[in-house]
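Peer 1: Chain residues, written in single-letter form:
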Amino acid sequence: MDFARDVWYTLVRRLRIDLRQPVWLFFSLTQPLIWLLLFTQLFKSIALMPGFPTGDYLQFFAPGLIVMLVVFSSAYTGFDIMVDINYGVVDKMLVTPANRYAIIIGNILNAIVSMSIQVLIIFGISSLMGVSIETGGTGLLLTLVIVWLLGLAFSGLSYALVIATRSHTALVVVSNMLTLPLMFLSSAMMPQQLVPGWVTTAMKFNPVNYAVEAVRPLFVTGYDWNAYLIALGILGAFAVVGVSAAVLAFRGFGK
Amino acid sequence: MNMLETRELTKVFKKSVTAVDHIDMTVREGEIFGLLGPNGAGKTTTIRMLSTLTRPTSGTATIAGHDIIRESKQVRQLIGYSAQAAGLMEAATGRENLKLFGRYYHMDGRTLSKRSDEILELVDLADAADRLVKTYSGGMRKRLEIATALIHQPRLLFLDEPTLGLDIQIRVNVWDYVRRLAGEGISILLTTHYLEEADRLSDRVSIIDRGRIVTTGTPAELKGAIEGDAVSLRLPWADAGEQANTLEKTATALSGQPFVRKILPTHDGVNVYVDRADEAAPQILRLLEKEGVAITSTTISRPSLDDVFIRYTGRTIDEEATGDNGNAGKEG
Numbered sequence: 001m002d003f004a005r006d007v008w009y010t011l012v013r014r015l016r017i018d019l020r021q022p023v024w025l026f027f028s029l030t031q032p033l034i035w036l037l038l039f040t041q042l043f044k045s046i047a048l049m050p051g052f053p054t055g056d057y058l059q060f061f062a063p064g065l066i067v068m069l070v071v072f073s074s075a076y077t078g079f080d081i082m083v084d085i086n087y088g089v090v091d092k093m094l095v096t097p098a099n100r101y102a103i104i105i106g107n108i109l110n111a112i113v114s115m116s117i118q119v120l121i122i123f124g125i126s127s128l129m130g131v132s133i134e135t136g137g138t139g140l141l142l143t144l145v146i147v148w149l150l151g152l153a154f155s156g157l158s159y160a161l162v163i164a165t166r167s168h169t170a171l172v173v174v175s176n177m178l179t180l181p182l183m184f185l186s187s188a189m190m191p192q193q194l195v196p197g198w199v200t201t202a203m204k205f206n207p208v209n210y211a212v213e214a215v216r217p218l219f220v221t222g223y224d225w226n227a228y229l230i231a232l233g234i235l236g237a238f239a240v241v242g243v244s245a246a247v248l249a250f251r252g253f254g255k
Numbered sequence: 001m002n003m004l005e006t007r008e009l010t011k012v013f014k015k016s017v018t019a020v021d022h023i024d025m026t027v028r029e030g031e032i033f034g035l036l037g038p039n040g041a042g043k044t045t046t047i048r049m050l051s052t053l054t055r056p057t058s059g060t061a062t063i064a065g066h067d068i069i070r071e072s073k074q075v076r077q078l079i080g081y082s083a084q085a086a087g088l089m090e091a092a093t094g095r096e097n098l099k100l101f102g103r104y105y106h107m108d109g110r111t112l113s114k115r116s117d118e119i120l121e122l123v124d125l126a127d128a129a130d131r132l133v134k135t136y137s138g139g140m141r142k143r144l145e146i147a148t149a150l151i152h153q154p155r156l157l158f159l160d161e162p163t164l165g166l167d168i169q170i171r172v173n174v175w176d177y178v179r180r181l182a183g184e185g186i187s188i189l190l191t192t193h194y195l196e197e198a199d200r201l202s203d204r205v206s207i208i209d210r211g212r213i214v215t216t217g218t219p220a221e222l223k224g225a226i227e228g229d230a231v232s233l234r235l236p237w238a239d240a241g242e243q244a245n246t247l248e249k250t251a252t253a254l255s256g257q258p259f260v261r262k263i264l265p266t267h268d269g270v271n272v273y274v275d276r277a278d279e280a281a282p283q284i285l286r287l288l289e290k291e292g293v294a295i296t297s298t299t300i301s302r303p304s305l306d307d308v309f310i311r312y313t314g315r316t317i318d319e320e321a322t323g324d325n326g327n328a329g330k331e332g
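Just so you know, the sequences run in chain order B and Y.
In terms of this note's numbering, the numbers along the first sequence are unbroken and rise by one, the last being 255.
In terms of this note's numbering, the numbers along the second sequence are unbroken and rise by one, the last being 332.
If we strip away everything but chain Y, and leave its shape as in the complex, we get (with noise of 0.2 Å):
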């Protein structure tokens, strides 16, 4: 069975807007799944509605076999939520936390005072447990909200976000505690906008932008679906028109080139998609000189899902990923 099946889920808020648009997807029982997308591509709001706190417009979802509206009750003791937020109490104590939600999920106190050791052990917090959550450091809090989400041991893990706005060492080490809970057997749900971090922990990932998945696959699939290295070329212009006309120059130069399997332009300049970018490279920067065109700088990259991203989406995830990082955790 699978963990999480959703069919043509849909969020309109009002003012009609499409936040969420007939999503269908699957989690398999044990995977991580990765929601990978630009922000405001409505990651949170589908993590949102299948934790039941925001209804869906239309559409369904199942979790391990129960529906996310008629059976939220089940469906609320089979989840964890671990949220863009802090989420914590910041004036009780790590393990007070813990013991808060753990009542909510109804454990009686002895099984609840076993499982808060154990997973506080899980991430590293046993000895910080009874400080108060105000003295924590970014990480630990991190830390502290996943293991929230996890007191009552569910089978499907949410993590919105997990990583944003936590500095890069951080992440890294939060990566570790995700692959150590996939480890124990839960299956996990993670939204992000860092596609390395989608690339690195999920066993598959979706594409979703503007509301909709634009493609589903492995990572190793998807970067598959690339075909090739790319040549990213920077190519200096001043104004939209300068633009068009490098873009029709470049394209006419190498075009036609029987190396040269696709040209994709980026924000700054083009890639240049082949099979073998230490040979093509050459050629590629003789052809665009005989044709007049500048470049400002060459980059040679195997495929990742950047590459991927534009290849869905004909943008850099960069683009419209910017400005979030430094109010992050304030907003819901």
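Isolated chain B (complex conformation) (with noise of 0.2 Å):
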């Protein structure tokens, strides 16, 4: 019962400082706009190749997209513990009773709070330019779960990073380093029958590429439930990975 309390507490206060200061969720919102915008205009003619599942660029990207955010908001959530850290505050946590992996589950669920209210945005915004879902709130809903996973690893993975190294610097260059490629090696910007071989077996190894392959058919086509289980279970895995390391490399703080 502490834990969860103490899980509470930490998000309560984080969203709190959060809502305050709502000028950062448009900040983080810019760059997913941006390449909606500059995307859909730059690819708008591949959507007219033979072989392409859509007939516009920008039902194909939409979900793509809300992927995309997922992998680049959360790999960056490990600045929030790093400015805590530095000014002493998780020192401070740490010599209360408060359960101490509560206290990094609530932050990790702050992300993915955060994260969502993004994603229902930008989702709102490609409804206005008229991409639809197919699978309707259902699908809007399984996406979220997705989301959720994907989330869940992604930022534990930044936090175990950040509270390992205690660097800024580390975090932005594995987080420049690995997003980037980490989407291309995906079917966000191009479908899989389009790239080459090579390509399409580096997805095989990309848990973003399944994230994507689960949720476009919502959007696009309906309910594909084997990719949608699939994708369930490796990103069910890859949270568990990334939050036990956030933990783990908490747990060696400060010995």
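It should be emphasised that the hints constitute simulated quantities derived from the structure, not laboratory data.
This structure is a prediction, so every number in the text was calculated from the model and none was measured.
We put the CB at the ideal spot given by N, CA and C, even for glycine.
Possibly wrong hints are sitting among the right ones.
[Claimed, not checked] Some residues of chain B that are not near chain Y, with every Cβ distance over 12 Å (derived):
hint	residue
1	Phe39
2	Phe43
3	Gly51
4	Ile85
5	Val90
6	Pro97
7	Ala102
8	Leu140
9	Phe184
10	Met189
11	Gln192
12	Gln193
13	Val199
14	Tyr228
15	Leu232
16	Gly236
[Unchecked claim] Residues from chain B shown here face chain Y by an in silico Cβ test under 7 Å; the list is partial:
hint	residue
17	Tyr9
18	Leu11
19	Arg13
20	Ile17
21	Tyr87
22	Asp91
23	Lys92
24	Leu94
25	Val95
26	Thr96
27	Ala98
28	Ala202
Make the complex out of the two chains shown on their own, each in a separate frame, by following the hints.
Peer 2: Here is the structure:
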């Protein structure tokens, strides 16, 4: 019970601080918005190629963009706790009887909540631009489940990296190095049928691709339970790895 | 029962740096205990071990009878920890900061509200309670930071360098609050490298140097151990050779004189300890002149903890206590 309570207080205090600075929420949305406008213009004619699954690139790209947003946003969440570490706030939390795992889990959950808000806003904007979701409200909920698992995994790893290295630089370097390749080695921007064979092989090892493959049918063609359940398994395992890494890194804190 | 007791408490960091070396220390119920030493002496590491943030390499410590490792949960409920770093959420108000930490101590809403008001009153922040911390001045932050360590009414408060990097007026102000707290019956373990701070606040002081406690006593006892006044002489020398020469001549001139109790070299001269400095000083000056020792300046002082520190470590505290006032609050 104490655990749940400590998670709750950690989450609530972070949310309260975030909501006080809504400017950050909008700030974090500018990048996906730019992609939304830029990519749909840039790749407009690709949708006309034979073999392209939709007639409209925006409809194809919107689910990919949601996954991209989650990867980019969660990869940098470690910054939040870095500030708390540097200001000595984490030390002060650790001298209380609060459950130390609850502190880290509460922080990760906060990242998930603010990420969900961002996803819903981007979804709303894409809808206004004409994107439809084939499977409706249920599909949106199923999309969010994938978003949560992916977010848990990446924000967990982001926290683990920052706690283990205590370095902003390490986080920036690693995140910059990994996020773009992870996106390009997925079908977020380009359908699998149109990429070289080695990229298709690489996609099999990329958890991000499973997320895209699970979410896109919900938007475009209707339920693809096969793809969805595979993604659920793989991303579930990935989330466990990410969160465990963060918890383990935090356990070693200050030893 | 003692509030705090350590036995052979030791911390060895990787690369076999012994930060804290077999420390035996006792804090009695209701007293302010000062741990005085230069930077790097092991003060912060000691506090971090006692507040369950860092695991000791060996040795034991108990707080109100509870072992800090085996019973860390009870210990955390009993202690308050005020760190060198700010330790506050800048984007939250003073009251929110207090309440979050209170929640972590599992206080219920009503008790917490009442206690927050009380403690904000105690540190004179009632008017600023609902402002964001980022609008606070340095002194206000420090007071709020101490307040967050007190929200759950701990019986023992750790104050790690409470006035490091603060202006002198604010420092005096923080001292007042510390005394006020002691008046409420809480025991306090305070670390400092300001001799004046240890002298003014502590009931008892331990001097810590290179991870070891070199002496413990009340400020008065420690000063008594020095026996007498000090005549501090600044002597001009250009290099180590001249220094040795000057010191030797000084020793020749003064040793054997009945009124001289002790001669100790400092980094820029010598301290001569005597019973009555006002009578001894003219004689010392005459004797040194006869021996041909030039003197830059002379100061007469009653014994202070400075002298105690020199007496036990052979160095003045300022030789090592430089260079970190500028980045106070940035290190953990």
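Peer 1: Please go over all the hints and tell whether each is borne out by the structure.
Peer 2: Right, here's what the structure says about each hint:
1. Phe39: holds, 34 Å
2. Phe43: holds, 39 Å
3. Gly51: Holds, because the least Cβ-Cβ distance between B/Gly51 and chain Y comes to about 50 Å, which exceeds 12 Å.
4. Ile85: Violated, because the least Cβ-Cβ distance between B/Ile85 and chain Y comes to about 8 Å, which does not exceed 12 Å.
5. Val90: violated, 9 Å
6. Pro97: At about 4 Å from chain Y, B/Pro97 fails to clear the 12 Å cut-off, so the statement is violated.
7. Ala102: violated, 9 Å
8. Leu140: Holds, since 31 Å exceeds 12 Å.
9. Phe184: Check passes; 36 Å lies beyond 12 Å.
10. Met189: The assertion about B/Met189 holds, with a minimum of 36 Å to chain Y.
11. Gln192: holds, 44 Å
12. Gln193: holds, 48 Å
13. Val199: holds, 43 Å
14. Tyr228: B/Tyr228 is indeed farther than 12 Å from all Cβ atoms of chain Y, at 39 Å.
15. Leu232: holds, 35 Å
16. Gly236: holds, 30 Å
17. Tyr9: Holds, because the Cβ-Cβ distance from B/Tyr9 to chain Y comes to roughly 4 Å (cut-off 7 Å).
18. Leu11: Since chain Y brings no Cβ nearer than about 11 Å to B/Leu11, farther than 7 Å, the hint is violated.
19. Arg13: Nearest chain Y Cβ about 5 Å off; hint holds.
20. Ile17: holds, 5 Å
21. Tyr87: holds, 5 Å
22. Asp91: Holds, because the Cβ-Cβ distance from B/Asp91 to chain Y comes to roughly 6 Å (cut-off 7 Å).
23. Lys92: Status holds, d = 4 Å.
24. Leu94: holds, 6 Å
25. Val95: holds, 4 Å
26. Thr96: OK, holds: B/Thr96 within 7 Å of chain Y, min 4 Å.
27. Ala98: holds, 4 Å
28. Ala202: Where the cut-off is 7 Å and the nearest Cβ of chain Y is about 39 Å from B/Ala202, the hint is violated.
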